[in-house]
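Go ahead and model the full structure; you've got the sequences and the hints to work with.
One letter stands for each residue in the lines below.
Protein chains: 2
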Amino acid sequence: MTSATIDQKAVSTIRLLAVDAVAAANSGHPGAPLGLAPAAHVLWKQMKFNPRDTKWVNRDRFVLSNGHACALLYSLLVLFKFDLHVSDLKQFRQLGSKTPGHPEVLDVPGVEVTTGPLGQGIANAVGLAIAQKQFAATYNKPDITISDNYTYAFLGDGCLMEGVSGEASSLAGHLKLNNLIAFWDDNKISIDGSTEVSFDEDVIARYRAYGWNIVEVEDADDNLEAIANAIVEAKKSKDKPTLIKLVTIIGYGSLAQGTHGVHGSPLKADDIKQLKTKWGFNPEESFAIPQEVSDYYSSHVQENIKVYNDWHATFKAYKEKYPKEGAEIQRRLDGKLPEGWKDALPRFTPADKAVATRKLSEGVISALSPIIPEFIGGSADLTPSNLTKVAGSIDFQPPSSGLGDYAGRYIRYGVREHGMGAIMNGIAAFGANYKNYGGTFLNFVSYAAGAVRLSALSHHPVTWVATHDSIGLGEDGPTHQPIETLAHFRAIPNLSVWRPADGNETSAAYLSAVEATSHPTIIALTRQNLPQLEGSSIEAASKGGYTLIKNDKPDVIIVASGSEVAISVDASKKLAEEGIKANVVSLPDFFTFDKQSFDYKLSVLPDGVPIMSVEVMSTFGWSKYSHEQFGLNRFGASGKAPELYKYFEFTPEGVAGRAAKTVQFYKGKTVYSPLNTAF
Amino acid sequence: MTSATIDQKAVSTIRLLAVDAVAAANSGHPGAPLGLAPAAHVLWKQMKFNPRDTKWVNRDRFVLSNGHACALLYSLLVLFKFDLHVSDLKQFRQLGSKTPGHPEVLDVPGVEVTTGPLGQGIANAVGLAIAQKQFAATYNKPDITISDNYTYAFLGDGCLMEGVSGEASSLAGHLKLNNLIAFWDDNKISIDGSTEVSFDEDVIARYRAYGWNIVEVEDADDNLEAIANAIVEAKKSKDKPTLIKLVTIIGYGSLAQGTHGVHGSPLKADDIKQLKTKWGFNPEESFAIPQEVSDYYSSHVQENIKVYNDWHATFKAYKEKYPKEGAEIQRRLDGKLPEGWKDALPRFTPADKAVATRKLSEGVISALSPIIPEFIGGSADLTPSNLTKVAGSIDFQPPSSGLGDYAGRYIRYGVREHGMGAIMNGIAAFGANYKNYGGTFLNFVSYAAGAVRLSALSHHPVTWVATHDSIGLGEDGPTHQPIETLAHFRAIPNLSVWRPADGNETSAAYLSAVEATSHPTIIALTRQNLPQLEGSSIEAASKGGYTLIKNDKPDVIIVASGSEVAISVDASKKLAEEGIKANVVSLPDFFTFDKQSFDYKLSVLPDGVPIMSVEVMSTFGWSKYSHEQFGLNRFGASGKAPELYKYFEFTPEGVAGRAAKTVQFYKGKTVYSPLNTAF
Ligand SMILES: [Ca+2]
Ligand SMILES: [Ca+2]
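Going line by line, the protein sequences match chains W and V.
Going by full-length UniProt numbering, the first residue of the first sequence is number 1, and it counts up by one from there.
Going by full-length UniProt numbering, the first residue of the second sequence is number 1, and it counts up by one from there.
Hint data in this document are derived by calculation from the structure and do not stem from the laboratory.
Note that the coordinates shown come from a computational prediction; the quantities given were computed from them, not determined experimentally.
Among the hints, a few may not be true.
You can't tell identical chains apart in this list, so a pair holds if it fits in one copy or across any two.
Here are the simulated lysine-lysine pairs, DSS-like style, with alpha carbons at most 30 Å apart [stated by the list, open to error]:
| id | residue 1 | residue 2 |
| --- | --- | --- |
| 1 | K81 | K640 |
| 2 | K45 | K141 |
| 3 | K573 | K601 |
| 4 | K188 | K240 |
| 5 | K669 | K550 |
| 6 | K319 | K306 |
| 7 | K581 | K669 |
| 8 | K601 | K669 |
| 9 | K640 | K273 |
| 10 | K667 | K359 |
| 11 | K601 | K667 |
| 12 | K640 | K90 |
| 13 | K336 | K273 |
| 14 | K353 | K268 |
| 15 | K353 | K543 |
| 16 | K667 | K553 |
| 17 | K245 | K550 |
| 18 | K235 | K45 |
| 19 | K316 | K667 |
Now the structure itself:
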């Protein structure tokens, strides 16, 4: 077989595996795999990876931003000998299979990031490329290159329409990420039909405006050579990411090619047969992999394993020549944090002055950054408000800009919260133990909701530094004051949402966030000053909730978070004057508290005592831990913070009055802890 | 005084009012007002509006997308004689004032839309322009023009960085909205300093790529004539929205002009004094409005009132010549729906077949659309999945496209959920009783969280048709299956979140949504079929929650929503076989239920009976109405819907088993309704 023939046969194999998988599931998307198989084949043939070590740090990354085309990706993973097999393709989209309906990083060996929600993948790819640049600039030496991989992404029209992709792409252009190569599947079809109905902008001109390099392939359905040349061309770019436009026909080869009909529904049986016949396959056979195609891919894997082994030899030499950096890389690849890093966490006593938790957060970031090189972050254009930058630290910027360099650890995200969230996921997905954070106002983490939920689903240990966390931000008013925000994020599985009440709790929040390996964290922080609490400690707070003021046989328990804890402490003192014994519980993180033993939790929120929650935002969800809720189930207002707290009665008097009513209401009633449940 | 001199004096007055307001508050943003005052002055001088009738349908709309510059807008409103006064400026950003920290449509006479969260305003402006085109195309006659207003927007660099603005702008270009003129404050500064640190894309080229007309003013700080000419030029555009680039100096005139220092902090006292002296004002006087400036603006108001009166004369003639359309316009301006529209709502009996609520939603939309001309909507590229389009209806498209016309009522939003949400707000803000809806999967409403919260805050009666509302969507898997979504939106104040269980409840949801005048609605709808329930009705469901199966002295109450109601009904039958009497409550909308009388609510969820909630997603918040919660506090999975329901035990057996455990657990305990609270 000639090389051209075998390549064509390989492409047909990919196409038919995808078509057969969708047909077997009677569900899925055959259209994009048919159009994109040639590009996938050509790209993967020149990619650097080892199917037996899918976490190799210098592998090329591939992101399928149009995740619905996953039958394509799964077919590639099977053919390139990952731990995914034809038997898995036969279980496509079935419960418990390794081939779910969209690529899931935790379920499928070889998938780099979970995709499906459109626009996320390309933004993840920007994060992967940022991480690579940062890693390479930190560790490569003039004589030894440790990191030089590329990040590739496929994306469809839908990804390009989503704002999150625009945000990330604009930043990628600014950052001159020439290690990023994206392929746009320009098939002129989306679910509503022709892209002409809503999307006739000039994508190429837009990406040029972002500062991208452009390469176009007009016949990407079958011109493998043109695709290969496009990749070569893209790799010549010294200072720009590249967008390769692939003009394709959706559902190429199908009787319904070029129509929306092939996008999201299986091909008809007859159609599949004519495809197989046309491409020289047995029309009666499904999931066929011709031996020569299998061998062809095997030979590529063998070459790649040589590349992989060479890299390990290089890394060995590196470790010998540069023992300090080598050890640091090894530590990071082992997923370990530097010895003793926790000792750097600031600790406070009640004698210390009142400080805003955003300022305390700055203290933690400044303390940890010099010790943990993989602790990097930035802000969505709110640096002076979020206090996320270590004084004197270097920006992550293209060196030619004169504004920083690629070893810099502070990322200027611009006003792009959603892009930032998705990029953060990409940085985490790079590996090498990156613990990356991003700052914005708590209210605007909501702009990134799509990315936050994927952090949680994908187990990315990223951290949001979410300042200005309540009406306590004051004059900016209700457009900026979170009400529903904590409820929203607390309801997301596998997401830690801290709202520390003082310095020790702020340190505990970062301790939790930096130690995390499989969940993201949001840290909600105040603009206003808070006192250092008697009885708080990093250790106590690290349980997610603990008793701050403990009475023998209390009449009521006040459970609060963040800025309302100190108010509740004062309320407890007022109540004592009235002869009411009020315990105060600080509950900075539901997620962490929920993980404690039942006995511990019940010791904090026991049977027999009415419990009232206090938090200056939506009470939604607080009934999980309390019988009564004092909160703000309306939008806030514009005014000075102390006046707002007074107006809404979040004062020692306001809390004490409600606690007294709670005591009165439950007098004579049998009270059970809300933690006691039937199942 | 020459015209040039008085204009300059007027501009200085605007600038100084803004500076004084920020100084009085000791909080706010003087930088953008100083830079943008000339453009604001020139623009407003030629705008059409009546400060005494701020809801006039043919007024020009002005949107301050960079809402933090609101001191500018408030100064304009004072000078142009709206019901806002210098006394209000003196209360800038104070609690209870008419001059909050960002423009709030409900608080400030003359503010069109609430802005502040960046990127929203320009997208609202696209919605305002769409509504104008649609209204004009529907009612203008060859001989009488009823609607021809423009929509203007100011936006800053921050707005341009946000993805939502890109989404909306791309669509605006596609739709050829030449009635939209946006002004970009190109001052090269954002909060992190120079825009060079993160935003050096070619904005002009990007907007050209979107299909916009571009006009540039290089000296917009003081060249009033150039600004005026730019507007004239923009208005010549026949088929494109226009972006006018205004090169300005942030904080123009200040000693710190051109730096980030003037963005978000008051100017120093000395700086203010030198400004006043430089511009011929008394440095010791604050909030000065020279008499000649006041008179100058008054004369503009007088001219505008003539324009306003002329329009009313035209409308009178229109009503005489076109009585049918005239009456319809009048009805819409009066905020009334057509007589008898509710009769069109489909009703069902248990004999009717099982249907997916998304399909039932299609039935409602198809029934209401012919009757209610202001009921318009679209989908974010999921039309065949959301079922949001009436068969045979016309697309809202530029006529030159051949794809529809501007009187069309179906909007092809593309894959742009956040843009869609913000555009929906703009359409609602146009007035004329528009009741507009947008479709996407429930999970992707989260992409638009920033816009949804502003709908609720601003009281926009928009509707999200949110299909595929649970793991019941099946194979698409966890990236598409909502878990936290309903909790998130239920925690937003003033937002109605329906999850109907059958056809009658779906009709009730639309009844509520279309009647709404001051709150938005999300309707969560299934992909899978649901039976028509015995005991459901539009009237019962319209209470937000009601008892579907009622026993004398029940042992347990099962409260459920949407697809879990029928399962709970079956569970109740199983429990009856075991001798357990289980009431079933359907609770399709928390927001509506909460508004019912306490007695009614307590009749549904009474004291003395343990209550268990059933909903196949996060239980977060359900403890508000129940003692025990059965839900899904983890991400879903990819598989066939019935298999997922079985796997997660959302079956009659799974529900009945937990209900039986609930009965057992509460046996002998005194149980109070969760509705009973201490305060
Ligand atoms: Ca496409
Ligand atoms: Ca700016």
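Hints, one by one, checked against the model:
Within a single copy, K81 and K640 get their C-alpha atoms only as close as 63 Å, which misses the 30 Å cut-off; across copies the closest is 28 Å, which meets it. In this assembly of identical chains, K45 and K141 lie within 30 Å of each other by CA distance solely inside one copy; the values are 28 Å within and 63 Å between copies. In this homomeric assembly, K573 and K601 come within 30 Å of each other (Cα to Cα) only inside a single copy, at 24 Å, whereas the closest approach across copies is 37 Å. When the C-alpha separation of K188 and K240 is checked against a cutoff of 30 Å, the pair qualifies both within a copy, at 26 Å, and between copies, at 22 Å.
In the homo-oligomer, the alpha carbons of K669 and K550 lie at most 30 Å apart both inside one protomer (22 Å) and across protomers (27 Å), since each shortest distance falls under that limit. Taking CA atoms no more than 30 Å apart as the test, K319 paired with K306 passes inside one copy only; the shortest distance there is 20 Å, against 83 Å between copies. In this homomeric assembly, K581 and K669 come within 30 Å of each other (Cα to Cα) both inside a single copy, at 17 Å, and across copies, at 26 Å. Taking identical chains as interchangeable, the C-alpha atoms of K601 and K669 lie at most 30 Å apart whether they share a chain (22 Å) or sit on different chains (22 Å).
For the identical chains of this complex, K640 and K273 are inter-copy neighbours only, at 26 Å across copies versus 71 Å inside a copy, given an alpha-carbon limit of 30 Å. Within a single copy, K667 and K359 get their C-alpha atoms no closer than 42 Å, and across copies no closer than 51 Å, so neither meets the 30 Å cut-off. Taking the shortest alpha-carbon separations for K601 and K667, both the intra-copy value of 24 Å and the inter-copy value of 24 Å come in at or below 30 Å. Taking identical chains as interchangeable, the C-alpha atoms of K640 and K90 lie at most 30 Å apart only when they sit on different chains, with a minimum of 14 Å there against 62 Å within one chain.
When the C-alpha separation of K336 and K273 is checked against a cutoff of 30 Å, the pair qualifies neither within a copy, at 53 Å, nor between copies, at 58 Å. In this assembly of identical chains, K353 and K268 lie within 30 Å of each other by CA distance solely across copies; the values are 28 Å between and 72 Å within a copy. Within a single copy, K353 and K543 get their C-alpha atoms as close as 25 Å, which meets the 30 Å cut-off; across copies the closest is 52 Å, which misses it. Proximity of K667 to K553 under the C-alpha cut-off of 30 Å is found in both arrangements, the shortest distances being 14 Å within a copy and 26 Å between copies.
Taking the closest pair of Cα atoms, K245 and K550 never come within 30 Å of each other, the shortest separation being 66 Å inside a single copy and 62 Å across copies. For a Cα distance limit of 30 Å, the shortest separation of K235 from K45 inside one copy, 15 Å, qualifies, whereas the shortest one across copies, 54 Å, does not. Taking the shortest Cα distances, K316 and K667 never come within 30 Å of each other, neither inside one copy (72 Å) nor across copies (68 Å).
Figure legend: structure checked against the earlier numbered hints; hints not met, in rising order: 10, 13, 17, 19.
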